[in-house]
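Q: Read off the chains here:
4 protein chains.
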Amino acid sequence: MSALKVAIIGAKGYAARELIAILLRHPKVELVALADKLDQPEPLLDCFPEFRGRTNLNFTPADIPSLISGAETFFLALPHKAAQDYAVPLCAAGKTVIDLSADFRFEDLSVYEKTYAIKHIAAELNKQAVYGMPELNREKIKKGRIIGNPGCYPTSVILACAPLMQTDWIDRASIIADSKSGVSGAGRAATPVTHYVSCNESIRAYSIAAHRHTPEIEEKLSLLAGEPIAVQFTPHLTPMDRGILSTIYINMKKDVGEPEIRSLYEKFYRGEPFTRVLPEGQTPATKTVACTNYCDIGMKLDKRTGRLILVSAIDNLLKGASGQAVQCLNILYDFEETAGLLV
Amino acid sequence: MSALKVAIIGAKGYAARELIAILLRHPKVELVALADKLDQPEPLLDCFPEFRGRTNLNFTPADIPSLISGAETFFLALPHKAAQDYAVPLCAAGKTVIDLSADFRFEDLSVYEKTYAIKHIAAELNKQAVYGMPELNREKIKKGRIIGNPGCYPTSVILACAPLMQTDWIDRASIIADSKSGVSGAGRAATPVTHYVSCNESIRAYSIAAHRHTPEIEEKLSLLAGEPIAVQFTPHLTPMDRGILSTIYINMKKDVGEPEIRSLYEKFYRGEPFTRVLPEGQTPATKTVACTNYCDIGMKLDKRTGRLILVSAIDNLLKGASGQAVQCLNILYDFEETAGLLV
Amino acid sequence: MSALKVAIIGAKGYAARELIAILLRHPKVELVALADKLDQPEPLLDCFPEFRGRTNLNFTPADIPSLISGAETFFLALPHKAAQDYAVPLCAAGKTVIDLSADFRFEDLSVYEKTYAIKHIAAELNKQAVYGMPELNREKIKKGRIIGNPGCYPTSVILACAPLMQTDWIDRASIIADSKSGVSGAGRAATPVTHYVSCNESIRAYSIAAHRHTPEIEEKLSLLAGEPIAVQFTPHLTPMDRGILSTIYINMKKDVGEPEIRSLYEKFYRGEPFTRVLPEGQTPATKTVACTNYCDIGMKLDKRTGRLILVSAIDNLLKGASGQAVQCLNILYDFEETAGLLV
Amino acid sequence: MSALKVAIIGAKGYAARELIAILLRHPKVELVALADKLDQPEPLLDCFPEFRGRTNLNFTPADIPSLISGAETFFLALPHKAAQDYAVPLCAAGKTVIDLSADFRFEDLSVYEKTYAIKHIAAELNKQAVYGMPELNREKIKKGRIIGNPGCYPTSVILACAPLMQTDWIDRASIIADSKSGVSGAGRAATPVTHYVSCNESIRAYSIAAHRHTPEIEEKLSLLAGEPIAVQFTPHLTPMDRGILSTIYINMKKDVGEPEIRSLYEKFYRGEPFTRVLPEGQTPATKTVACTNYCDIGMKLDKRTGRLILVSAIDNLLKGASGQAVQCLNILYDFEETAGLLV
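In order, the protein sequences belong to chains A, B, C and D.
With the working numbering, the residue at position 281 of the first sequence is 281, and numbering never jumps.
With the working numbering, the residue at position 98 of the second sequence is 98, and numbering never jumps.
With the working numbering, the residue at position 144 of the third sequence is 144, and numbering never jumps.
With the working numbering, the residue at position 176 of the fourth sequence is 176, and numbering never jumps.
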């Protein structure tokens with residue numbers, strides 16, 4: 001079988017870098033273009049010198065007709081809003097699109113529009129979009145033609161909470177997610193916030209009660225629960241390159257033991273290649289999953305307070321972005337689900 | 001006035017290092033001994049080369065009679081249990097003791113004994129002990145002869161919550177404290193946990209629902225509230241040298257606005273030299289308070305969820321240990337409260 | 001073709017961890033044992049939780065007869081001295097051994113014995129050993145049965161200097177190598193030196209004029225030059241997990257231009273899959289090669305001073321240890337030389 | 001005695017931040033203005049929240065007449081070129097100026113003009129300038145009215161080499177300085193180079209054979225030696241906030257022992273409050289001097305190669321900038337030389 005021709009649009013960010021790395025080692029894929037909003041080509045190695053000797057590709061201007069003629073499948077690693085502009089013509093031409101922005105993550109576009117403060121231009125296309133979280137939507141992803149790849153924080157929180165959402169064990173109004181992200185989550189732009197001396201040796205909360213990933217988390221958990229759920233979400237900037245640790249607090253409503261809860265999780269994630277439920281007494285660390293597509297989930301039931309504490313760890317650039325995107329690609333094309341993703 | 005003669009017992013840990021630095025620059029104090037459980041003297045500079053040229057003191061065996069004859073006031077920077085053994089004879093000899101261990105922090109010794117799994121040998125002395133948090137106990141500290149210096153996590157959580165404890169604004173059963181500490185909090189012992197490659201580029205939770213600082217937090221908040229309060233406390237190991245950030249979630253019971261809450265805090269901490277309430281929209285960072293004795297407190301009322309999110313930042317070795325201990329010393333001896341502590 | 005059965009002896013260190021990761025993804029190899037000096041088996045995941053779901057192997061006691069019966073090829077990731085003890089019986093049984101310790105790196109065993117202050121017990125076997133640096137010894141490696149895998153610092157210094165050694169362009173007595181290593185180079189033992197708070201936010205030199213890798217560098221450069229060469233080598237401990245940067249100063253003897261020197265390097269390393277000569281004006285960074293098997297080499301000729309400054313970067317655990325070891329394996333067994341090594 | 005009124009011009013960089021901290025705790029000084037090139041005042045706390053509660057000063061537009069009327073002494077923490085523009089009118093008005101830029105560091109202005117590629121506009125004033133390194137120029141500093149405060153790298157290299165410059169023990173053409181700096185040395189500007197993810201977990205050389213501090217080092221060492229000296233200087237960007245470690249290689253010409261060399265250094269720096277010569281076998285680390293005004297110097301004579309290896313460590317923002325500037329202030333005004341500088 002000839003390799004699937006794949007292009008990346010929006011190729012200069014951290015998520016794109018990970019996509020390039022994965023796709024270069026992927027056994028079923030040929031990476032054919034690294035397009036971006038450019039006037040003229042730019043050397044890949046000026047931006048990512050680590051790929052010296054690995055590829056002859058360079059960044060090229062994102063010309064839609066030539067992209068359409070050259071590739072079958074497209075990863076969009078663009079900011080929200082820009083992604084729509086590319087997704088529409090690509091889908092119209094029958095191409096498959098995996099969008100890493102927020103543009104196709106929401107079922108309820110009014111929430112999207114309020115959260116991102118822009119008008120969505122592709123409501124019809126959005127109806128066909130599948131939220132690209134294999135653990136929840138594998139069957140839909142198989143038939144998808146446009147995938148809204150989940151946000152990094154939502155991936156860590158949703159995977160940690162999902163199994164409980166269809167039980168009556170918990171107080172669904174009580175979910176609090178305290179998340180800690182590495183600095184790559186803030187993107188590649190050089191700002192006072194991402195300056196080494198600002199980040200190093202410091203941790204701080206930001207966007208308290210106001211982060212854009214909150215509505216995404218809430219929509220997905222609400223769909224699972226069958227009723228609207230509000231989540232208290234607080235992100236923190238942590239002095240490390242990559243990784244998200246989410247510590248989640250939930251009040252128990254039923255007298256269920258930790259073994260029963262763990263058993264629920266093990267069943268829920270049985271057979272999942274990338275979501276690992278840790279044994280009793282073990283808690284995840286971001287380093288354990290760094291540079292992998294895994295999500296590790298640990299738990300502790302505090303009988304004294306009646307709360308369940310869940311902790312999940314992912315690599316924000318992999319399971320939280322590019323790794324999950326390629327996992328979706330693998331499902332879509334019936335490749336081995338782990339292809340390119342086990343290092 | 002001649003300088004107050006001060007000694008440190010348990011002089012080789014991180015908290016002791018900070019004590020040495022503060023006391024060497026303190027205008028009213030003469031540091032006369034650095035004692036530890038040793039068979040023979042050891043060079044200070046082998047352990048702390050940064051003090052070259054600053055002092056001729058070295059580590060000496062902790063011989064109680066000679067310590068008693070040489071100093072007036074003692075800082076104990078020993079593990080719990082060991083601290084009692086020294087505090088008893090020192091207090092019997094009429095000396096003033098500021099103990100940085102957990103040994104004299106608890107009013108209810110049964111809680112101490114359960115938490116630390118040992119018998120307390122100095123119950124009578126403990127009755128005279130004052131919990132050394134100036135914001136809560138300044139008047140008692142003035143008359144104290146033995147100070148139980150607060151733990152690092154408790155300082156960050158108690159200062160963030162104290163003003164609310166005497167109001168009826170909050171659901172007192174709902175307090176959740178998610179704390180992130182730098183690695184110096186784990187002590188100077190070389191273990192697999194404190195190895196650079198274990199800590200660096202990783203964040204993880206530990207001692208979930210089981211950390212020894214939980215009962216300390218609970219006793220002090222309960223005393224403030226006038227009723228027993230349970231707190232959900234989760235510490236995290238964060239890749240940085242120093243600092244604690246505590247993110248605290250509390251359900252509101254009354255319809256109080258954020259300005260009103262901030263105003264309560266500003267009144268509560270008015271005149272405090274080291275506790276700073278941040279203006280609206282600002283949140284603390286550990287780096288802002290690193291190497292200082294400050295505690296910064298920020299807040300955000302989330303009307304949507306009905307929760308108040310408090311964030312406090314301290315340096316775990318200063319306001320969380322040695323800085324607060326010297327603040328107590330300054331109060332005890334009627335020195336300028338900031339003496340030695342403003343750098 | 002059935003997979004090559006491979007075992008690791010000395011499986012709990014950082015180099016072993018990398019070997020496990022590479023061998024698990026290697027298309028031609030089956031990893032069959034993780035042996036160590038143990039009395040009874042120990043769970044792999046207690047030590048390396050990142051391998052959860054990747055393998056069912058655990059650490060097992062290193063029983064030579066059963067190892068011999070179960071595997072064809074052995075990686076020894078043991079301390080020097082211990083490696084010899086295993087290499088002798090394994091080679092006697094006709095097995096292939098790739099030794100990551102210093103035990104089989106030296107042609108002149110008197111240098112080894114002086115440097116490591118022990119007697120070598122396998123002088124005959126050592127005569128058959130090949131220094132496992134593919135760029136210098138590819139043909140010999142093909143026929144090798146025992147490989148002395150190069151040290152981390154030597155790899156970074158030798159690859160940077162090798163092309164010049166057979167020219168008369170330089171003053172061979174003038175080579176100074178100032179190397180900076182990440183903390184994983186200090187090994188997995190928890191010591192005061194490797195404590196996070198000791199390493200973080202600090203850089204320092206160590207073993208000045210006395211590091212054990214100096215004789216290794218000198219022997220290999222001397223062999224290339226055909227005369228004895230002394231090298232000034234200074235290692236530094238740098239606050240990062242992995243990577244070595246070597247900055248090398250050499251006095252020029254002939255009036256040769258930088259383009260000519262670069263051209264020499266490009267010819268010398270033409271076709272090499274893992275050694276990359278950077279273009280004019282570019283210098284390597286450890287991050288560019290982190291988690292890869294590459295060695296990047298940059299250079300600058302300072303006409304003003306008559307010195308050539310070479311800079312090389314490797315990942316100390318990969319090209320400086322386990323990656324190079326697998327590269328040797330691939331050469332030995334005529335596998336694709338990059339098999340398992342391109343991520 | 002009333003306090004000396006001091007102003008800072010160029011108040012928003014890292015060096016200015018350190019100046020503010022030192023001057024706020026300085027017993028003889030009143031900090032009266034934080035001026036910068038601004039159209040209107042800006043809150044200090046927006047830039048440096050750590051000073052909350054410490055001062056009521058804010059950033060103000062740098063209006064020369066009002067600055068002249070309000071302060072006696074000025075620290076210029078401006079870029080080169082801009083510093084001259086302020087120094088000229090301030091000195092004309094009889095004020096004392098301590099300039100942290102390169103503008104008044106050079107005796108030979110043609111070197112300055114070539115190095116910084118601009119014309120110097122104050123040649124006459126420059127003749128009166130004193131290079132502000134107390135260890136070399138204490139007597140001149142006492143009578144100075146304009147101080148050219150040394151660069152960070154030059155401080156670390158010059159202090160390490162100075163004692164040898166007037167001996168005939170060394171080959172003066174052989175000096176190689178390999179320096180490693182923390183990221184604050186790159187300034188507060190947010191650029192791709194200072195992005196956390198660029199710096200973290202990476203070390204790299206930059207400006208090889210081309211750094212602007214080379215001519216400064218060379219002029220000062222040449223003045224000491226009485227003949228022109230060329231120095232090979234290579235700076236490196238190191239993943240830490242602050243600190244410079246310089247490893248310096250010098251060929252010995254005379255058969256002098258390490259004790260004799262150490263003795264020379266001890267005599268040269270006897271009585272110096274901030275330059276510490278380490279005992280045999282000890283080497284400096286940047287962390288030992290972080291947040292202090294010390295320069296630590298260690299050495300090792302390698303008899304085998306005939307080279308002396310010197311290692312010096314400073315805090316680039318203190319002894320390498322603001323600490324040394326205040327040390328000069330103290331000398332100029334006959335304050336205790338350590339005033340404000342011992343923490």
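Just to be clear, a hint being listed does not mean it is correct.
Cross-link-like lysine-lysine pairs, in silico, BS3-like; alpha carbons within 25 Å at most [unchecked claim]:
| # | chain 1 | residue 1 | chain 2 | residue 2 |
| --- | --- | --- | --- | --- |
| 1 | D | Lys254 | D | Lys303 |
| 2 | A | Lys303 | B | Lys114 |
| 3 | B | Lys28 | A | Lys303 |
| 4 | A | Lys254 | B | Lys253 |
| 5 | A | Lys28 | C | Lys28 |
| 6 | C | Lys114 | D | Lys254 |
| 7 | D | Lys114 | C | Lys303 |
| 8 | C | Lys253 | D | Lys114 |
| 9 | C | Lys253 | D | Lys253 |
| 10 | B | Lys28 | A | Lys253 |
| 11 | C | Lys303 | D | Lys142 |
| 12 | D | Lys140 | C | Lys253 |
| 13 | A | Lys253 | B | Lys114 |
| 14 | B | Lys12 | A | Lys253 |
| 15 | D | Lys28 | B | Lys28 |
| 16 | A | Lys114 | B | Lys28 |
The hints are simulated quantities; they were obtained by calculation from the structure and are not laboratory data.
Q: Would you mind marking each hint as holding or not holding in the structure?
A: So, going through the hints one by one against the coordinates:
{"no.": "1", "hint": "D:Lys254 x D:Lys303", "in the structure": "11 Å, holds"}
{"no.": "2", "hint": "A:Lys303 x B:Lys114", "in the structure": "17 Å, holds"}
{"no.": "3", "hint": "B:Lys28 x A:Lys303", "in the structure": "50 Å, violated"}
{"no.": "4", "hint": "A:Lys254 x B:Lys253", "in the structure": "24 Å, holds"}
{"no.": "5", "hint": "A:Lys28 x C:Lys28", "in the structure": "18 Å, holds"}
{"no.": "6", "hint": "C:Lys114 x D:Lys254", "in the structure": "29 Å, violated"}
{"no.": "7", "hint": "D:Lys114 x C:Lys303", "in the structure": "17 Å, holds"}
{"no.": "8", "hint": "C:Lys253 x D:Lys114", "in the structure": "29 Å, violated"}
{"no.": "9", "hint": "C:Lys253 x D:Lys253", "in the structure": "20 Å, holds"}
{"no.": "10", "hint": "B:Lys28 x A:Lys253", "in the structure": "57 Å, violated"}
{"no.": "11", "hint": "C:Lys303 x D:Lys142", "in the structure": "40 Å, violated"}
{"no.": "12", "hint": "D:Lys140 x C:Lys253", "in the structure": "43 Å, violated"}
{"no.": "13", "hint": "A:Lys253 x B:Lys114", "in the structure": "29 Å, violated"}
{"no.": "14", "hint": "B:Lys12 x A:Lys253", "in the structure": "48 Å, violated"}
{"no.": "15", "hint": "D:Lys28 x B:Lys28", "in the structure": "18 Å, holds"}
{"no.": "16", "hint": "A:Lys114 x B:Lys28", "in the structure": "60 Å, violated"}
Hint compliance for this structure: hints 3, 6, 8, 10, 11, 12, 13, 14, 16 are not met, and every other hint is.
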